[in-house]
Structures are given as structure tokens and as C-alpha cells.
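**Q** Sequence:
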Amino acid sequence: MSLPRQDPKQEPKADDADPRSERIRAALGARSLVLIGLMGAGKSSVGKRLAGALGLPFTDADHEIEVAAGESIQEIFADHGEAYFRDGERKVIARLLTSGPQVLATGGGAFMDSETRNRVAESGLSIWLRAELPVLMKRVRRRSHRPLLATGDARETMKRLMDERYPVYAQADLVVDTKDAPHDTVVGEIVGMLDEHLFSGKDSRHGEQTPEGK
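Take the position in the sequence shown, starting the count at 1, then add 58; the result is the number in my numbering.
Quick caveat, the hints were computed from the structure, so don't treat them as lab data. Honestly, I wouldn't trust all of these hints.
To be verified - Straight line, CA to CA, 25 Å or less: simulated BS3-like cross-link-like pairs of lysine-lysine:
#1 237 - 106
#2 196 - 217
#3 106 - 149
#4 237 - 196
#5 237 - 217
#6 217 - 149
Stated by the list, open to error - Beta-carbon label-pair distances, calculated as ranges:
#7 83 - 170: 15 to 21 Å
#8 139 - 224: 36 to 42 Å
#9 81 - 217: 37 to 43 Å
#10 241 - 152: 24 to 30 Å
#11 128 - 250: 28 to 34 Å
#12 226 - 138: 20 to 26 Å
#13 195 - 139: 23 to 29 Å
Beta carbons: idealized from backbone N, C-alpha and C, even for Gly.
Start from the sequences and build out the full structure, keeping to the hints where you can.
**A** Rendered as C-alpha cells:
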């Protein structure tokens, strides 16, 4: 199936009203802000707003995977299986991380891969959008294209994924509890946490020009 070409890296529109935006961009250098979390955590919706607030491009890794494969994610899972998808996901994210700075939304399983985690640590700053089960279920029920929820009890599947993935997600540089708050509220919290992280001495890589010497 051929997918319509879209530009997943949306042009930045800086929020000039917030003086923190420019200094956060400068402190990031060439690093990307990498959003991680389960399906339904709001990575794409929050990511677009965060990119706008900071004046950075937004990139959706899942869309880039679909473009590279020429198939939707559901079709990749159905035709080739999850292992094939994860291999492609790993390669696409590695490529995207060479194009920072940006806000990069990743799929729920991406950060579970140790190679991807290492690349994110080298070339990005990871942000876990944490949400509890009722919030996640409320959001994923609105959509029917989640391959991992296609069979069995969706709630039990989500609980299992939380048990498996949350301890790994906890390795992220920043953890934001999204609750059921409006996306703009979550973005405001992230900007505040970024500002504190980058300028309080917690960020040992402040000012580095990575990746590839950018």
C-alpha cells in the first residue's frame, strides 16, 4: 500500500513570548528532544505543541518508518512481524537522530531497544510522558490502528506493557506525569523541566555540539 507523502518534520514556529525557548535551543546544541511512552501517552500531540513552543522541527518516527517501508505500521506487523518492524524502527531512529535539533516522537517500543537507548543518550535528551492506565485506555479507545491491541483484552495488554516497559522508560532524562491534563499544560511543564535540567547543572552535556560534530 502506498502512503500519501507528508512532511513529518514540521517547520518550527517559535513561541517568542517565552524567553526560555531561545536559551533551551542553544543549550541543546544539535541534540534532539526524544519523547517516549506508551501508546496513548500523547507523544505526537504534545510533541507538535512542544516543537512549536521551542521553535524546533517536529518529527514523527512512526511516520518515517511507514515512508521507508512503503506500508502502514499495521501492514508491516501483519506482513512481516514485530521483529522486522523493530529492526526497521531501530535503523530509522538512528538516522533521525543525526538530524537534530528537533522534537522526535517515538513509538512505544522504541526505547525498549538497548541500541536505540544508547543512541538517544548520545544524541538526544529523553522525555517520558508517563500516564496511568485509565488515561491511556481512554485515549487508545479513540483509535483502532494499534497492532499490539488488535487481539485479546486491550486493557490486559496495556497493563502488561506498563509492567514491562515502565521500569525501562524510567531511565529517561525527564519524567512528566501527563495525567489527563490539556496538552498545552503538559508542554508548559516540560518547558519548565527542560529549563531547570539544562541550567541547574544536571545536564552534563550542556553546550555539546552533537551529533557528528554539529
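**Q** Please go over all the hints and tell whether each is borne out by the structure.
**A** Okay, the hints, checked on the actual structure:
Among the hinted pairs, residue 237 with residue 106 is consistent with the structure: their alpha-carbon atoms are about 18 Å apart, no more than 25 Å. This hinted pair checks out: residue 196 and residue 217 have alpha carbons roughly 14 Å apart, not beyond 25 Å. Proximity of residue 106 to residue 149 is assessed by CA-CA distance (about 23 Å); at most 25 Å being required, the pair is judged to hold. With a C-alpha separation of about 11 Å, the suggested pairing of residue 237 with residue 196 holds against the 25 Å cut-off.
Under the criterion of a C-alpha separation no larger than 25 Å, the hint pairing residue 237 with residue 217 is consistent with the structure, at around 16 Å. Between the alpha carbons of residue 217 and residue 149 the distance comes to roughly 28 Å, so the proposed pair goes past 25 Å and is violated. A hinted range of 15 to 21 Å for the beta carbons of residue 83 and residue 170 is inconsistent with their spacing of about 29 Å. Take residue 139 and residue 224: their Cβ atoms lie about 25 Å apart, and the range 36 to 42 Å is violated.
The hinted window of 37 to 43 Å between residue 81 and residue 217 holds, with their beta carbons roughly 40 Å apart. At roughly 28 Å, the beta-carbon separation of residue 241 and residue 152 lies within the given 24 to 30 Å, and the hint holds. A hinted range of 28 to 34 Å for the beta carbons of residue 128 and residue 250 is inconsistent with their spacing of about 41 Å. Separation of residue 226 from residue 138 is about 24 Å and conforms to the stated range, judged on CB atoms against 20 to 26 Å.
Distance hint check for residue 195 and residue 139: the Cβ-Cβ separation is about 26 Å, which falls inside the suggested range of 23 to 29 Å.
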